[in-house]
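Novice: Chains as they are written, first to last, in the numbering used here: chain A, 1 to 246; chain B, 1001 to 1256.
Think of the hints as simulated: they come from the structure by calculation, not from any bench.
Some hints could be false.
Unchecked claim - In the DSSO-like style, the derived pairs of lysine-lysine whose C-alpha atoms are separated by at most 27 angstroms in a straight line are:
#: 1; chain 1: B; residue 1: 1133; chain 2: A; residue 2: 143
#: 2; chain 1: B; residue 1: 1177; chain 2: A; residue 2: 79
#: 3; chain 1: A; residue 1: 117; chain 2: A; residue 2: 175
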Amino acid sequence: MISLKNISKSFDGSRVLEKLTVEIRTGETFVIMGKSGCGKSVMLKIILRLLIPDEGSIFIDGVDTTNFDEDAMMPFRRKIGMLFQGAALFDSMNVWQNLAFPLFEHTETPEDEIADKIAELLSFVGLDGSQDKMPSELSGGMKKRVALARAMITEPSYVFFDEPTTGLDPVTSGKINDLIIRTRERFGVTSIVVTHDLVSAMKVGTRFAFIDDGKIAFEGTRSELLSSSNPELREFLKDAEWQDRY
Amino acid sequence: MKSIRRPLNNVYDYFNLVAQAFAGIVKKPYYFSEVLRQMENIGVQSLPIVLLTSTFVGMILAYQSGFAMAVFGAKMYIGTLVSISLVRELGPVLASVVVAGRIGAGTAAEIGSMLVTEQIDALRAMGTDPMKKLVSTRLLAGMIMIPVLVIIADMMGILGGGFIAYATFGLAPPFFKKTVIEALVIEDLVMSILKALFFSILIITLGCYSGLNVEGGTSGVGHATTRAVVLSIVFILITDYFLTVVLLKLLPGLSF
Chain A
1 MISLKNISKS FDGSRVLEKL TVEIRTGETF VIMGKSGCGK SVMLKIILRL
51 LIPDEGSIFI DGVDTTNFDE DAMMPFRRKI GMLFQGAALF DSMNVWQNLA
101 FPLFEHTETP EDEIADKIAE LLSFVGLDGS QDKMPSELSG GMKKRVALAR
151 AMITEPSYVF FDEPTTGLDP VTSGKINDLI IRTRERFGVT SIVVTHDLVS
201 AMKVGTRFAF IDDGKIAFEG TRSELLSSSN PELREFLKDA EWQDRY
Chain B
1001 MKSIRRPLNN VYDYFNLVAQ AFAGIVKKPY YFSEVLRQME NIGVQSLPIV
1051 LLTSTFVGMI LAYQSGFAMA VFGAKMYIGT LVSISLVREL GPVLASVVVA
1101 GRIGAGTAAE IGSMLVTEQI DALRAMGTDP MKKLVSTRLL AGMIMIPVLV
1151 IIADMMGILG GGFIAYATFG LAPPFFKKTV IEALVIEDLV MSILKALFFS
1201 ILIITLGCYS GLNVEGGTSG VGHATTRAVV LSIVFILITD YFLTVVLLKL
1251 LPGLSF
């Protein structure tokens, strides 16, 4: 379980998160929605301590990691796989090297075992045989699938998806959504999905939150989300109703 | 007050990066293959341009000084002037400026691109220290390869000067060689290597610092690249003056 308590974060005097409190339960796919720039991705980076909050506390599996330094944070980062918005594959490495990187860095896993694991994960994301391809040879959707395979290679307990379908066509977005669901079913991971793609949110989420004005303005199930009377959320969901009609 | 604080913060951040980069060289894990890759990039791939520029600098120096010295009947000292000028000053400075243009810019662009595409965050999220993986490896490779490049530049410059001394002023190569050997002492080489070592630290750390502090997305990468090269060249020249003053005092064998 991951919980954030009263997290605040500002950039150059502009407040992005203000006393945000939220709890992500084990086994769920928690979808965080909100307008662009509302601090959704910042929240993920704060959990990983890639950004340091101005105030508040972070608990990962019951451990207060708020004031952990880089070394103390490492074991917790290894529990979390992160799929970045732009995939963040290492340009200078091919697909095989990108996937093997976390294992070479932190484990003594033999190379043939790594190769088997890579082949299995690439098959899971539907990219068999693409080990030798460079990131520049991959499409946006393929990059995200490779990035998901890389996030899963260390068998994390949590996977964070930062805007997994942004910039992708509807068909590719659908494939990514299926993968998010299959990842939960097959590996039993707890996922946090940050998105403003409502179709994706509705498809993959088991519980939802809406960030507005730096705080959690709504938290609940899909039916609670759709029946919420929060005016900001209703405004945000207008597009979803449009999507449902077509 | 705010306008003073920002540059001071930048200076603090830069020295912090330099300290962390040096600490990263001795701290485990060691990235030997990455260091070798960077040595190839910094050293081997910079060799052609360093060879070319240093040879021509030696030739220009011999040509210009030869005519001036001929007026006083002192053209037999071309070897002395060319070798001392090159080994003490022009070899380390010009080779480092050329390397700053190639490696400083490349480093800032590569690391800056990694920053804006979240690859640096990805490294940290996977439990890897980007400072060690990206900066310390480059620093170690630069501190090994740039002094080697400077020694090669010194030699090529002297050879170029020797060619002009023979072809234009009719000085016999054995005589030129004799004046060079008589002019140079081991302290000249020590000065050349020490300067190259300091310049290599400047080139690599300023390139990495500029790359890691890119602001404003991909357009910021261009600015960072320019800043890395300009800062490297400016600080190479400033550092060169102070190193010259200090080393002339510390190395008694150096004389005019």
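Novice: For each hint, tell me whether it holds in the structure or not.
Specialist: Hint-by-hint comparison with the structure:
| no. | hint | in the structure |
| --- | --- | --- |
| 1 | B:1133 with A:143 | holds, 23 angstroms |
| 2 | B:1177 with A:79 | violated, 66 angstroms |
| 3 | A:117 with A:175 | holds, 22 angstroms |
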